[in-house]
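Taken in sequence, the protein lines are chains A and B. Residue 1 is where the first sequence starts when you use our numbering, and the numbers rise one by one after that. Residue 1 is where the second sequence starts when you use our numbering, and the numbers rise one by one after that.
It should be emphasised that the hints constitute simulated quantities derived from the structure, not laboratory data. Watch out, some of these pointers could steer you wrong.
To be verified - Below 20 Å or equal to it, Euclidean Cα-Cα: the simulated EDC-like pairs (lysine to aspartate or glutamate) are:
#, chain 1, residue 1, chain 2, residue 2
1, A, K68, A, D8
2, B, K57, B, E17
3, B, K13, B, D56
4, B, K22, B, D56
5, A, K61, B, D62
6, A, K49, B, D85
7, B, K57, B, E14
8, B, K15, B, D42
9, A, K49, B, D42
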Amino acid sequence: AQSVTQPDIHITVSEGASLELRCNYSYGATPYLFWYVQSPGQGLQLLLKYFSGDTLVQGIKGFEAEFKRSQSSFNLRKPSVHWSDAAEYFCAVGGNAGGTSYGKLTFGQGTILTVHP
Amino acid sequence: AAGVIQSPRHLIKEKRETATLKCYPIPRHDTVYWYQQGPGQDPQFLISFYEKMQSDKGSIPDRFSAQQFSDYHSELNMSSLELGDSALYFCASSTTTGPAEQYFGPGTRLTVT
């Protein structure tokens, strides 16, 4: 069964500081990996995705993530955080590990990011 | 750019009532997914449809049913509502059931009293 672990429930950083949110996955085949961001009471916005190829992927809002197969990780990074980045971040895995569709996403528990001025 | 539309945005029902949630995917998207997000929880996959056929099923209660129509919009029907059904229900759409990203709607917040 596929699963995602986000070890950090809550992270606090100062505005302008760098950020790394951790994500570890468990998947029986080639994973497709995603990071979504959610503001309170809002929908999920896709930040970036990894399907194949270059293991360092760039996303919107200055975010990037690196896929490391040996560590089963897909950590999200940003060099300089802005106050508007405060939100909850979800890592998700999808794919086709013998199932009937690629589409089903399994999400991690989420990491709440607080940004101090 | 057009996004996924969900209606209603908020819904209040009493126990044992029924509810119908609607989802209108992004134009030319043929695959729809439903997720349930309880308070403080991560989204949980319920069910998906591709070309009007059910393509995958997750932890969807038997009291719930869903379908996708010829115009690709989808409806999630929930009967005999329970307090535990109170949650945010998301619809997402994508172009295929292959490795394509899913775009999420704003969600329907269902409150069961």
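Hints, verified against the model:
Taking the CA atoms of A/K68 and A/D8, the gap is near 19 Å; set against the 20 Å cutoff, the hint holds. Distance restraint check for B/K57 and B/E17: the Cα-Cα separation of roughly 24 Å exceeds the 20 Å cut-off, and the hinted pair is therefore not satisfied. Taking the CA atoms of B/K13 and B/D56, the gap is about 28 Å. The hint is violated against a cut of 20 Å. For the suggested pair B/K22 and B/D56, the alpha carbons sit about 19 Å apart, so the restraint of at most 20 Å is met.
Straight-line distance between C-alpha atoms of A/K61 and B/D62 comes to about 40 Å, which puts the hinted pair past the 20 Å bound. About 30 Å separates the Cα atoms of A/K49 and B/D85, which puts this hinted pair outside 20 Å; it is violated. Simply put, B/K57 and B/E14 have alpha-carbon atoms about 26 Å apart, too far for the 20 Å limit, and the pair is violated. Distance check on the hinted pair: B/K15 and B/D42 sit about 24 Å apart at the alpha-carbon level, beyond 20 Å; violated.
Taking the CA atoms of A/K49 and B/D42, the gap is about 18 Å. The hint holds against a cut of 20 Å.
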